[in-house]
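Visitor: Chains A and B are the protein sequences, given in the same order.
Residue 1 is where the first sequence starts when you use my numbering, and the numbers rise one by one after that.
Residue 1 is where the second sequence starts when you use my numbering, and the numbers rise one by one after that.
Treat each hint with caution, since some may be false.
[As the list claims (entries may be wrong)] Distance condition first, Cα-Cα at most 27 angstroms in a straight line; then the derived BS3-like pairs of lysine-lysine: (1) B:K26 with B:K92; (2) A:K158 with B:K92; (3) A:K187 with B:K94; (4) A:K265 with A:K158; (5) B:K133 with A:K158.
No wet-lab data here; the hints were simulated from the structure.
In case you want the letters, here they are:
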Amino acid sequence: METLTLQDLQFFLPEVILITFAFVVLFISNKNKSSLLPFHLAMGALLGALIFTITQLGSEAILNFGTVEINTFSLLLKIVFIIFSIITVWGSKDFAISISFGKEYYGLILFATVGLTMLGSAGDLITLFIAFELTSISTYALPLIDRSNERGREAALKYFLNGAFATGLVLFGLSLVYGLTGTVLLKEIVPIIAEIGYEPMIVVALAFLVAGFGYKMAIVPFHLWAPDVYEGSPTPVTSFLAGVTKKGAFVVSLKILLATLIVIKIQVSILLGTLAILTMTVGNVVALMQKNTKRMLAYSSIAHAGNILVGLAIITELSVAGSILHIIAHGLMTIGIFFGILYVSKIRGGYDLGDFIGLRWVAPWTAFGLLIILLSLAGVPPFIGFWGKMVIVVSAFELGNWYMFLALALVLNSALSLVYYARVIRVMYMDNKGVEFNMATKQNTVIETREITAATKEIGKLRTSSYNIALYVCVLLITVTGLFPEQLVAISREAARFIIPW
Amino acid sequence: MELSSLAFWILATMIIISGLGVVFLKNIVHSALALIATFIGAAGIYLTLHSEFLAAIQVLIYAGAIAILIVFGIMLITKGEGKMGETNLFGKYKISAGIVVLIMVSLVSYLVLQTPWQITTELNESLMSDIAKLIFYDHVVAFELAGVLLTVAMIGAIMIARGVKKNG
């Protein structure tokens, strides 16, 4: 517990690299739009940050009076977030060339990554809040990055207004916590709150925090902005928002809620559990009715937020580990699948289910990658999406009681989600025609069939598109971590131990 | 009644009245002026708490810089007379919003009065050097991050504004 020394600065090296390169990317010449220099700089910065973070593995430190903590939790999340950003930047290569704000795109993503890496290591409310805000503010302008996309404006405005409102709620909750405890350090808040005991004000503070983070995590009933923003934004941006920055909100909630809820653990558990069941059910049921895959995946990501919340509601070491695991898993799957459907939209012209008809013959490898990610999203073993849910369910069974309902809801919802994931798979792997069950009229209707041959002339050029590369990288990671999950589960458990204060 | 608590009540009344003025005045420029009065009242409260530096900063930054920014913003975006009613899209939800806010405020203020807050009678950090120590020792990481955050906000804002000009 002392002030920063010169030796401590090594722990900030990843962030320093990212910030420096973000400025370099922004300041290089704008003349040559198709230049790959911003892309190479951004990738270099992220890889450098990744390498320096990996060299810190195993070290443990409390820096600057406890406002920054380096431990397994923070390092795991740093590595995860940097890898997510690498995949996003890699996949967006073709996108960034096509827009007029290519280097701003990379710059903002690098800044958002700085915020995300600091989230894991922040040890007090102020640093945590500012890191979280850095992530949010960097992404507020992203939906507007492609000016040819008219719907981006609506998305950007909705994202900004909802985000600003949520930030206000969070800040109010945090100030109440500070007022009650008189400290901003997470490690000191826990014993002080335990000593104060039950106070009605803690409930109010938690209500503000849950509502504020609920907006950021897009859990029901605070989810209404998410589908519009995810559908309206350019797809690489959607993949970054849904796959990366939204996971930041989960990390903050894990840290702050675990530190403050020690006194009213049972009540919070019931509150979060109810919200989780609501979120999963609403997300999945509404996703069932979507014909636009982008919108369907937006609702699916709401449902997955519910899955992660189940782990948060159970509040044991294992369940929190499950949440961390599912955060990682869902991040990978979301980034991959959005880049996958972006590729499909490039060769077929849209995101509707009808555009996926017969994809197996048009782009076999993309179809196969999408198949794996869809199975993983539904929680089919042996992919990583299965293990996150598995760990959460096991932790619920360990406790028994009403937590069994949570586990049951999670399993039933996974089964429900398989329906709409399987619909995409069926459309991709069936012949030229697609049949869909219409929720409104309760009967099967034939989806508009597109000419396969006409729209696919350009495919040869697009096959090595960066969108596909991002998809394949995600598929690879999902499969490898799914086949050998022991290591990741063990690390997640160790990480969970660092943020559970009792 | 002590003189300092008299000052508090006068300032508090001033803040509340000018705060209500911000919301209820019909002309948006008058609202902005009432907002400046609110800021200055808050600076007065800081003075009664022996926090002279914060009071000076409050006047300089909020009553000075931010209020001027707001007035400039109003000047640049207001069309016509600047009547509040024309700019408020959600005016028709007045009554329901009033009910919700009333319940919320009464609940929270009841709980605020019930709660034993951590109250210090003496401020430890009233001098400039103490505040500097807090910012540049205890919270230096957050301070640096805040610098990055403000730059990013500027970059985003410039990006949005520049794009609009280009597209006409």
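Visitor: Against each hint, give a clear statement of whether it holds in the structure.
Guide: Hints and how they fare:
Between B:K26 and B:K92 the CA atoms are separated by roughly 16 angstroms; this keeps the pair inside 27 angstroms, and the hint holds. Restraint check for A:K158 and B:K92: satisfied, since their Cα atoms lie roughly 20 angstroms apart, inside the 27 angstroms limit. Distance check on the hinted pair: A:K187 and B:K94 sit about 43 angstroms apart at the alpha-carbon level, beyond 27 angstroms; violated. A C-alpha spacing of about 34 angstroms is found between A:K265 and A:K158, which places the hinted pair above 27 angstroms, so the restraint is violated.
Restraint check for B:K133 and A:K158: the C-alpha separation of about 39 angstroms exceeds 27 angstroms, so the hint is violated.
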